[in-house]
Amino acid sequence: MSWRSKAQLSTMWLILLLAVAAPWLGMYPVLGMRIMSFALFACAFNLMAGYTGLISFGHAALFGGAGYVTGLALTSWGWPTPAGIMFGVFVALVIGLAMGVLAVRRYGIYFSMVTLALAQIVYFYCLQADFTGGEDGLQGIPRGTLFGLSLQSDRVMYYVMLVVFVASWWFIRRIVRSPFGQILQAVRENEPRAISLGYRVNRYKLGMFLLSAGFAGLAGAMKAVIMGFETLTDVHWSTSGMVILLTLVGGLGTDLGPILGAVIITVLEEKMGAIGHFLEHITGVHWFASLNDNVSMINGAIFVLCVLLFRRGIVGTFNARWGGARAASG
Amino acid sequence: MIASQKSSHTKASHGSGAGAPILRAHKLGKKFSGFAAVEGVDLGVAEGSIHALVGPNGAGKTTCFNLLSKFLEPSAGDIFFRERNITRMRPADVARLGMVRSFQISATFPQMTLLENVRVVLQRAAGLAHQFWMPARALTRLDQEALRFLDMVGLSGQAGQLASSLPYGHKRALELATTLAMDPQLLLLDEPTQGLGHEDVEQVTELIRRVAQGRTVLMVEHNMSVISKICDRVTVMQRGQVLAEGSYDEVSRNPEVITAYMGDAEEGIHA
Ligand SMILES: Nc1ncnc2c1ncn2[C@@H]1O[C@H](COP(=O)(O)OP(=O)(O)O)[C@@H](O)[C@H]1O
Ligand SMILES: [Mg+2]
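Protein chains in written order, with the working numbering: chain A, 1 to 330; chain B, 1 to 271.
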């Protein structure tokens, strides 16, 4: 095993250990769960964007769409929690199929536009439909039980989410390196050549889009169960933008980048008030106290900073500098 | 010595019955917003032959290749592969029939190793292309065969290197190894020796001659010495149309062809 894969493996174990211990080290479990659902969402997005080069601007429809239908199944239909989550994933796959079929034959900005347009349809549907509660959102989603285990306690829910997250992350990583992943890498590196070798590339891209949609749906469904509500924010285009931001900040096409991006952005958003007060305290500049009201501005600033300092995202830049030849994949 | 090899090849190909052509184009045409890049092209490639497509820059050779391999939709005409009409087929399906093209600039998968470059082809034949749930090691059973193809072009020693690290001549060789792994019946090579140094040209020419054993090759080529050495038949194109066709000797003596090349001074006939 090379130095690099050893370093990577130790990093992963360290992160896992931290994640397991976090609720006992004083971290608020709901924050941890939010981070994990956004991280899973970003990993799903990265599966498509990082490994086909096609940037979807419509992933919110998959994330939020799954959240809504899982909420519907758990509140109105009284389904068991796992069934509700699976239903969310299923609906994300259906939306993903419709989006993918129309989008994968386009390139660059046209791909982004088609996905955005379709996601807007989902958004307006959610705005109008009765079951979503419109502007008020879908409230009071019960967490229910999992194999007889009540999910009411935040700690129990936290560890369930951790298991779902780690398993999904592991599987996504495996997809990237699988026989299927090899073909997608070839398509990304030289699409005409892949066609000339007999590959119907659009099918492979669609396959990847569906896998990405499924995991984005899982992330959204889990988030709805964790938070107990679902709102229009999750299907709004700004959520599609956020997942792009998370992934680019962390490192597009890397295993750990989306996680790091989600941690940084979510923690910053959550702790912006405290950071602002701290900065006000040490600098005496009152403006810092208002940081909390300017979260999107701060996100923008982080994004700009990352683009300027870390062109390949934090993990991508780290890999390129210290990672050896196949830097992009770590 | 070279001449004798050429004639033996020619004999073999023509001796084995110059029956129906393996690839045939009928009145092929392509317009780009009104401009006819290819017009009324009739072309027949005899099975087992090495057939050259020549002509000055902009004559429409690459466009022809794109039409034949279905990377472009023709605006007119029909294409037949083994007398089967493939005019409406998708490019990936044409490739699966056994007609594999190369590109004018080298086409490798740069961030993949040489082994992986060839293995990508073998994956499809082995039915190991869509398994997203399988680990990477499922592919190692194709390694031996991939190495065999790399060996054919003398690159098995660098199997673990990234394709991007190869010098240009070796990239072209890798491309040939990848193409061979498809086990094609017909190879369409677009300027395989373009951009190569003198020695590399010789090697790639030799390689083409070797891989053409038992196969058919249609190649765009500027280098007349390469054509005279290995090609059985030459089709000359000019301004989107076929100007002449015949053996190298016939074509190179054709006054129209000579004029066409004189008119395009930079191009010239590199004999
Ligand atoms: N996609 C395209 N759109 C518009 N014009 C094109 C396109 N491809 C080729 N052409 C034009 O068609 C003519 C033939 O080009 P090409 O087939 O590349 O010639 P060759 O390969 O013989 O040098 C040229 O005049 C070129 O500018
Ligand atoms: Mg050309």
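Derived from the structure by calculation, the hints contain no laboratory data.
Beta carbons: idealized from backbone N, C-alpha and C, even for Gly.
Take these hints with a grain of salt, some might be off.
[As the list claims (entries may be wrong)] To spell it out: a stretch of chain B is covered by chain A in this simulated footprint if at least three of its residues, at any positions, have a beta carbon under 8 angstroms from a beta carbon of chain A; those stretches are: (1) 80-93; (2) 107-116; (3) 121-129.
For each hint, the structure was consulted:
Only residues whose C-beta sits within less than 8 angstroms of a C-beta in chain A count toward coverage, and the region 80-93 of chain B has 4 of them, enough to reach three; the restraint holds. For the region 107-116 of chain B, the stated coverage by chain A holds: 7 residues have a C-beta nearer than 8 angstroms to a C-beta of that chain, and at least 3 were required. By the rule of at least three residues with a Cβ nearer than 8 angstroms to a Cβ of chain A, the coverage given for the region 121-129 of chain B holds, with 5 such residues.
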